[in-house]
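Heads up: the sequence shown begins at 1 in my numbering, then just goes up one per residue.
Honestly, the hints are just simulated from the structure, not real lab data. Model, not experiment: these values are computed from the prediction. Take these hints with a grain of salt, some might be off.
[What the hints assert, rightly or not] Here are the simulated lysine to aspartate or glutamate pairs, DMTMM-like style, with alpha carbons at most 20 Å apart:
1) K202 to D185
2) K214 to D164
3) K122 to D164
4) K122 to E169
5) K71 to D96
6) K218 to D147
[Unchecked claim] Have a look at the derived ranges for each label pair, beta carbon to beta carbon:
7) C192 to G141: 51 to 61 Å
8) A26 to D72: 37 to 47 Å
9) K221 to P190: 18 to 28 Å
10) H2 to R67: 46 to 56 Å
11) S180 to I81: 46 to 56 Å
12) G141 to N31: 20 to 30 Å
We treat Cβ as the ideally placed atom computed from N, Cα and C, and that holds for glycine.
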Amino acid sequence: MHVLRAVGLGPKARQWYRATYTNQSASVFLNGWLSAAFNFLSGVRQGDPLAPSLFVLEIEGFACQIRSRVKDIESPGLQTIRELLFADDACCALHDLSDLQDLNRAIGLYERASASKLSNAKSFLYPLGSFRNHPIVPRLGTWRLSDSQFRYLGIQVGVDIAEDAGWEEVKSSTIACIRSIPMYDLPYAPRCSIINTYCYTKVLFYNRFLPAPKSVVKEIKDAAMLAIHGRDSDGTRRRPIRQAH
């Protein structure tokens, strides 16, 4: 309720939430066996329609703690980086070891407030700059170091990333998506809308971080032009590839 009040929800909305989640009960259904009902002491039931919005409000409190404690990192040609959060995935950019201590405090506060727990098995530190050449292991606490490139929200992250890193996968999945949608009998405008909404979104997102190679752009454009106009981007006519059913 404190979080709901802090984000600006009025008393009636908070009362509605309280009434919805007070005295909740649930049962476990397993292989045809139904358990006796039991009361919920924390969390919500699986499939609860309000769970996503409640989690976003909850995790925003964690994000605010990070913003108030941790310094950001500036890099030429890139936007300032401090925290990236998507659902229950988080990526933080730390300037120095004092930032790590402040992050640990923010995590500890969030764990106490939410009854959540950081997964040590899935969490690691990726050193950048001078930290790649200096041992800092004794001051890491429970954190582990990793020098392997990693992916966050589909984006390849790390030092010495190849210019075309990940684009082959993006290209293949985008072209497969374009070819899988039956658009042959649709008018021109809906075809363009489908391509823009369902096929180009991932390309534009990925391109914000790693500019697309020209060869990848041409292949994706050819597939889109073929689906919309029945011809490649250079005007060459081809029959659309129909999917077998």
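The hints, checked one at a time:
1. Our distance criterion of 20 Å between C-alpha atoms is broken by K202 and D185, whose separation comes to about 25 Å.
2. For the hint linking K214 to D164, the alpha-carbon distance of about 10 Å falls within 20 Å, and the restraint holds.
3. Restraint check: the Cα-Cα separation between K122 and D164 comes to about 26 Å, which exceeds 20 Å; the hinted pair is violated.
4. With a C-alpha separation of about 24 Å, the suggested pair K122 and E169 falls outside the 20 Å cut-off, and the hint is violated.
5. Simply put, K71 and D96 have alpha-carbon atoms about 9 Å apart, close enough for the 20 Å limit, and the pair holds.
6. Our distance criterion of 20 Å between C-alpha atoms is broken by K218 and D147, whose separation comes to about 34 Å.
7. Distance hint for C192 and G141: a CB-CB separation of about 53 Å, consistent with the stated range 51 to 61 Å.
8. A hinted range of 37 to 47 Å holds for the C-beta pair A26 and D72, which are about 42 Å apart.
9. Restraint check, K221 to P190: a C-beta distance of roughly 19 Å satisfies the suggested window 18 to 28 Å.
10. Checked against the hint of 46 to 56 Å, the C-beta distance between H2 and R67 comes to roughly 18 Å, which is inconsistent with it.
11. Remark: the range hint 46 to 56 Å for S180 to I81 is contradicted by a beta-carbon distance near 35 Å.
12. Between G141 and N31 the beta carbons are some 42 Å apart, a value that contradicts the proposed interval 20 to 30 Å.
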